[in-house]
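For the record, the sequence lines run as chains R and C. The C-terminal position of the first sequence is numbered 192 in the numbering used here, with every residue numbered one higher than the one before it. The C-terminal position of the second sequence is numbered 157 in the numbering used here, with every residue numbered one higher than the one before it.
Note that these hints are calculated values from the structure, not bench results. Remember, predicted model here, so these are calculated numbers, not experimental data. Quick reminder that beta carbons are idealized off the backbone N, C-alpha and C, glycines included. There's no promise every hint is true.
Mimicking DSS-like on lysine-lysine, the simulated pairs with C-alpha atoms at most 25 Å apart in a straight line are [said to hold, decoys possible]: (1) R:K29 <-> C:K60; (2) C:K76 <-> R:K155; (3) R:K150 <-> R:K51; (4) R:K179 <-> C:K33; (5) C:K76 <-> R:K120.
Derived Cβ-Cβ restraints for the label pairs, each shown as a range [to be verified]: (6) C:G73 <-> R:R73: 33 to 39 Å; (7) R:E42 <-> C:K89: 33 to 39 Å; (8) C:L115 <-> R:N144: 36 to 42 Å; (9) R:R162 <-> C:P118: 33 to 39 Å; (10) R:V61 <-> C:E142: 41 to 47 Å.
Each chain is listed here by its residues.
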Amino acid sequence: MEDLSLHILDVVENAIAAKARRIEISVLEEIEEDRLTIEIKDDGIGMDEEVRQKAADPFFTTRTSRRVGLGLSFLAQAAEEAGGKLEIESRPGDGTKVRATFQHGHIDRKPLGSMSETMVMLFLGNPDVDFHYNHMKGEKSYTLKSQWMRERFPDQSYMAPDAIQWLRKHLQEGLEGIGVQG
Amino acid sequence: MTKLTLEDLKKIKEEVRSSTLLREGGFRAKITIHMGTCGIAAGARKLMTAVLKEVEEKKIQDVMVTTSGCAGLCSREPMATVEILGNPPVKYCDLNEEKIKEIFLQHVVNGEIVEAYALARGSESTY
Numbered sequence: 011m012e013d014l015s016l017h018i019l020d021v022v023e024n025a026i027a028a029k030a031r032r033i034e035i036s037v038l039e040e041i042e043e044d045r046l047t048i049e050i051k052d053d054g055i056g057m058d059e060e061v062r063q064k065a066a067d068p069f070f071t072t073r074t075s076r077r078v079g080l081g082l083s084f085l086a087q088a089a090e091e092a093g094g095k096l097e098i099e100s101r102p103g104d105g106t107k108v109r110a111t112f113q114h115g116h117i118d119r120k121p122l123g124s125m126s127e128t129m130v131m132l133f134l135g136n137p138d139v140d141f142h143y144n145h146m147k148g149e150k151s152y153t154l155k156s157q158w159m160r161e162r163f164p165d166q167s168y169m170a171p172d173a174i175q176w177l178r179k180h181l182q183e184g185l186e187g188i189g190v191q192g
Numbered sequence: 031m032t033k034l035t036l037e038d039l040k041k042i043k044e045e046v047r048s049s050t051l052l053r054e055g056g057f058r059a060k061i062t063i064h065m066g067t068c069g070i071a072a073g074a075r076k077l078m079t080a081v082l083k084e085v086e087e088k089k090i091q092d093v094m095v096t097t098s099g100c101a102g103l104c105s106r107e108p109m110a111t112v113e114i115l116g117n118p119p120v121k122y123c124d125l126n127e128e129k130i131k132e133i134f135l136q137h138v139v140n141g142e143i144v145e146a147y148a149l150a151r152g153s154e155s156t157y
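Next comes chain R alone, as it looks inside the complex:
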């Protein structure tokens, strides 16, 4: 994975595979504390304690098609290389919370990448999921919810060209407004 926005996309795809209906994605950039926190919380099927403990092990997966599962392992590695860590909280039926922390200014911290590309994809590719994205940088904050899009385009499919345009613009302008490169 080249950047953190791709890791976020990957973990959210896990949540969708776990039948989540509501997914909260939060990116917190605390410059003064030199900390970057990514948190993804879903209401999917969750994991039992045994699976939770093994989730970041590259040689563990719940799939039966092969024996490796690299998504969370990669994120754990990215966090640890940048002075942070990966934490997973989960209970069957209660959903899962994945939190990755990084030292913001660490020389090995991967760049954030394009959050707007990741979000456009998630929102448009999963119209049935209720997304809630919040991004804080220092004192400034930006929020985008699936609900807002549904209210704005009630009768249209998400793939409508004007909905795509609206979403892209909202993200780019909103993220630029808080000093994040879209």
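Once you have looked at the hints, place chain C on chain R.
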């Protein structure tokens, strides 16, 4: 009267095609981008961005773009599956932005399979 060019005809064909063909749930075609860890690491997000750009620019209303997990052929990622209403799905592999754009115009819009990039049709015949 100005003469119709080949480009004009193609444009009309595309417009009529996307507005009159059979619809099921409002969609005529479905593109699924494989978005497992392997797909994402290989650049699947770029494919999705390229497809959405085409949909946006050409104002296409009847194509559904969605994502799926790993298809089990990680070494051939990024992959995408194109399904035209009433036809078997076609899997494409080793894609990039240019290839998916070509597939979008030739297969999704015009209905002709891009055999050069296709891996399989349905589950039996292989190109």
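A quick look at each hint next to the structure:
A threshold of 25 Å between alpha carbons decides the hint, and for K29 of chain R with K60 of chain C the separation of about 21 Å falls inside it, so the pair holds. Proposed proximity of K76 of chain C and K155 of chain R is supported: the alpha carbons are some 23 Å apart, at most 25 Å. Between the alpha carbons of K150 of chain R and K51 of chain R the distance comes to roughly 22 Å, so the proposed pair stays at or under 25 Å and holds. At roughly 38 Å between alpha-carbon atoms, K179 of chain R and K33 of chain C are farther apart than 25 Å, so this suggested pair is violated.
Restraint check: the Cα-Cα separation between K76 of chain C and K120 of chain R comes to about 18 Å, which is no more than 25 Å; the hinted pair holds. Remark: the range hint 33 to 39 Å for G73 of chain C to R73 of chain R is contradicted by a beta-carbon distance near 22 Å. The hinted range of 33 to 39 Å is not satisfied by E42 of chain R and K89 of chain C, whose Cβ atoms lie roughly 46 Å apart. In this structure, L115 of chain C and N144 of chain R meet the distance hint of 36 to 42 Å, their C-beta atoms being roughly 38 Å apart.
Between R162 of chain R and P118 of chain C the CB atoms are about 36 Å apart, so this pair conforms to the stated range of 33 to 39 Å. Roughly 45 Å separates the CB atoms of V61 of chain R and E142 of chain C, a value that falls within the hinted 41 to 47 Å.
Violated hints, in rising order: 4, 6, 7; the structure is consistent with all others.
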